[in-house]
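Dock chain B against chain A, hints included.
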Amino acid sequence: MKARLYLLAFALLALMPAPVRAQALVADLSDHLIAITAGFAGTDVLLFGATEGEGDVIVILRGPEAPVVVRRKTREVGIWVNTERIAFSGAPAFYRVAASRPLDEITNAALRARHQIGVDQLRVVPERELTPTKFNSFRQGLLRNKMREDLYSDEVGKVSFLGPRLFRTKIYLPANVPPGSYTVEVLLVRNNQVIAAQTTPMFVNKTGIGADVYDFAHRHAAVYGLVAVLIAVSAGWAAGTVFRRA
Amino acid sequence: MHLYLPIAEVSLDVFVLVGLGAAIGFLSGLFGVGGGFLVTPLLIFLGVPPAIAAATGANTVIAPSMSGVIGGLRRGGVDMRMGLILLAGGLVGSAASVSLFALLRRLGQIDLVVSLSYVILLGTIGGLMLSESIQAWRRRQLGAAAPRRKLHKHLWIHGLPLKMRFPQSRLYISALLPIGIGFSVGVLSGIMGVGGGFIMVPAMIYMLGMPTSVVVGTSQFQIIFVSANVTLLQSIGNQAVDIALATTLIIGSIVAAPIGTRLGAKLRGEQIRILLAFIVLGVALQLALNLFLRPVDLYSAQTIVQGAMLPDDP
Chain A
1 MKARLYLLAF ALLALMPAPV RAQALVADLS DHLIAITAGF AGTDVLLFGA
51 TEGEGDVIVI LRGPEAPVVV RRKTREVGIW VNTERIAFSG APAFYRVAAS
101 RPLDEITNAA LRARHQIGVD QLRVVPEREL TPTKFNSFRQ GLLRNKMRED
151 LYSDEVGKVS FLGPRLFRTK IYLPANVPPG SYTVEVLLVR NNQVIAAQTT
201 PMFVNKTGIG ADVYDFAHRH AAVYGLVAVL IAVSAGWAAG TVFRRA
Chain B
247 MHLYLPIAEV SLDVFVLVGL GAAIGFLSGL FGVGGGFLVT PLLIFLGVPP
297 AIAAATGANT VIAPSMSGVI GGLRRGGVDM RMGLILLAGG LVGSAASVSL
347 FALLRRLGQI DLVVSLSYVI LLGTIGGLML SESIQAWRRR QLGAAAPRRK
397 LHKHLWIHGL PLKMRFPQSR LYISALLPIG IGFSVGVLSG IMGVGGGFIM
447 VPAMIYMLGM PTSVVVGTSQ FQIIFVSANV TLLQSIGNQA VDIALATTLI
497 IGSIVAAPIG TRLGAKLRGE QIRILLAFIV LGVALQLALN LFLRPVDLYS
547 AQTIVQGAML PDDP
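Chains as they are written, first to last, in the numbering used here: chain A, 1 to 246; chain B, 247 to 560.
Here chain B stands alone, though its shape is the one from the complex:
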């Protein structure tokens, strides 16, 4: 059954879209990541123009995050205080990214800077996560007595001023740390055009030392606001949000989100981290391949729609 998408101006199979939405919901429920990094390329592959794919992806992600947060609040799996501070940093960061974006574009090669920094960043995060979580998993398999679990390692960053208590995360750390992380992720996601959940989640686990049980809900909490912001800006600036596409994806996502959450409750923390590490590494690998492999066609064509603001290079 086909549905003509009025903004994207393509006709796509409803079942494919609902399935894609289910993938977003599942990822959101299991890991607390938005899934924009997966959905945007897939929508582009189906023929949706890149700007519309990214904007509509952001709109879609709001729904499973919302239902996840509602569930998380009941279980005490959302650290509101931490979420708000990350969000404050994130909003400032995404605003700053606008001028950074303009600067990089003036220098030329924004694509290159974005792709390279992502490959390095994701490759490092994914590699560290994978080795850490595999070690933890093997210790458990061997039945060896795990070293007494520390809540987090003490590093220089914990000596920063403005210390705050985060009872839900059982942390007493400087507020500058989550603000800084929120800011950096905001800058990156602003430039790349994705929510940045797949960077935020590892950063919460490894840099802030938050317990995995709180990470998913807190990530979903701040994704709601970041994505709502992107949806609004994209609607006003580019008319790039396709409500028909978003609604179809949302139907799939809200059905699949609880499945992800349930599976997440059954899995151990390190198992979730291994899976997420593979996803992060997969994205890094795909970006790297795009950079280093000879493209199928060296030439690409982009039709200029009159009156619409389009990114300089898709």
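Chain A with its partners taken away, still in its complex shape:
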């Protein structure tokens, strides 16, 4: 009977969320809502926080997931053509990592894989069974393309400590940052173990006239098309008439 009671207490303790036991990690963003206005040309988000006790901090920013089709070209009779396509799911639209020290000094492979720390650890799922070689080359192709567009980066940003407890990092969002719901995962790592973790949401939204135009284009597509034609026709008309006077 007593043993059972101990077991129950132990289980309850284990089930309690981490922050209740000890506030080992607190973090927040300077801005949870990134507004894409007409003049948007990229921006920095600042993440800051405090840790309790020893450890390193890793920050993972992930954009909304969307299916991606990867195509491979092969040479057929001297001409390069797309011959194979594989759709992947689970690829975030945007991905960045920052850490207080080089990743291989503070994490082992198992930990990086479990928390998808680093571009090479992203878990993308192909639509059908593939041989390991093929899976790998298509996956690498996907990551390369995303990195070329600056949507992924294999560079690890710097999380800097101010004193023993306070930390901060700046993550740059380029102008082509995709709109949607993002998550910022902050991990406190010690001896290849995650001591504490916190996930914060972040939203990238179009606002102002840009959002109105987008809404209009999707809700009243035909009217939008007519307006587009009318703008072009009247601009051309005006220019043609002004040119006659000049």
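Just so you know, the hints here were simulated from the structure itself, not pulled from any lab data. There's no promise every hint is true.
Some, not all, of what chain A presents toward chain B, calculated at C-beta under 10 Å [said to hold, decoys possible]:
id : residue
1  : 38
2  : 66
3  : 70
4  : 72
5  : 76
6  : 80
7  : 110
8  : 113
9  : 146
10 : 176
11 : 177
12 : 212
13 : 239
Beta carbons: idealized from backbone N, C-alpha and C, even for Gly.
Relative to the frame of chain A, chain B by itself:
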């Protein structure tokens, strides 16, 4: 100064866009071609998604064509009758291209068919234009008495029925000919997603035998309708027209269109044809290089936007 484009979802420099628009306007004023073949790849290079680049390019082209036609009408440089007949063929052709597109896609390798037919077609047209216009130019340089200019060569096609008079082009030919040309260009442009002005203009000069002075205005006339049609279809089907992008490009294009027109008025017919031949050959060469050279990355990735219709292969 950056402008965030709400549909394309990228932020681009306004001055770059106005400059690109100026290139469209200049080409339109000088040659009567829309410039879609130039602008679409450049917009893609700047980071605009391919479907949006093509649709917005079509929207942009309307403006310089419109101002060109207004100027052309005053100078008598638009053959309305010819334009309407080409347009009728073109609209039927682009409608037919939809089912041809589906057929080719079922067979696979639509890209290949499109690129190869363009390389062959443009290579032939450009080569013929270049050799013809260089000959004409050299004759003039040598001061040799040019052979008496014929309005056009008499070929079997001129024996076709349904003959019509085109006073402005000084032609008396079968209406089937412009209908057929309009139809073929419509099919090609429907598949390729460009206006097809750079095929239409050589076809008007060499196949119909229209005078260069009427070709530019007539081409611009029918481009207005073809592009308006593309803009509407793309807005409704794909929501792929970016008004902010189009408006910025239009500003550049309407400023540069008169410059092109003025330069065109100063140049001789064969000089314009030499320049256009180089452009046509350049496009053919670029398409050929894409086919034959090893791409930088064999793999390409395309994010699937939920709810949007996207071409099977960009």
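>> Would the hint on residue 176/A be counted as holding, given a Cβ-Cβ threshold of 10 Å to chain B?
In response: holds, 5 Å
> Taking 10 Å as the limit, does the beta-carbon of residue 146/A come near enough to a beta-carbon in chain B?
Replying inline: The hint holds - residue 146/A has a Cβ within 10 Å of chain B, the shortest such distance being about 7 Å.
>> Is the interface hint satisfied for residue 212/A? The criterion is a beta-carbon contact with chain B at less than 10 Å.
In response: Since the shortest Cβ distance to chain B is 8 Å, the answer is holds.
> Would the stated hint for residue 76/A survive a check requiring a Cβ distance to chain B of less than 10 Å?
Replying inline: holds, 8 Å
>> Just to be careful: measuring from the Cβ of residue 80/A to every Cβ in chain B, is the smallest value less than 10 Å?
In response: holds, 6 Å
> Against chain B, with CB atoms and a cut of 10 Å, does the hint on residue 177/A hold up?
Replying inline: holds, 9 Å
> Would the stated hint for residue 239/A survive a check requiring a Cβ distance to chain B of less than 10 Å?
Replying inline: holds, 4 Å
> Does residue 110/A pass the interface check with chain B, least Cβ-Cβ distance below 10 Å?
Replying inline: violated, 28 Å
> How about residue 38/A: closest beta carbon in chain B under 10 Å, or not?
Replying inline: holds, 6 Å
> Can residue 66/A be said to touch chain B, with a Cβ gap under 10 Å?
Replying inline: holds, 5 Å
> Does the interface hint hold: is residue 113/A within less than 10 Å of chain B, judged Cβ to Cβ?
Replying inline: violated, 22 Å
>> Given residue 72/A as an interface hint, is its Cβ closer than 10 Å to any Cβ of chain B?
In response: Check passed: Cβ of residue 72/A comes within 5 Å of chain B, closer than 10 Å.
The structure is inconsistent with the numbered hints 7 and 8, although it conforms to all the rest.
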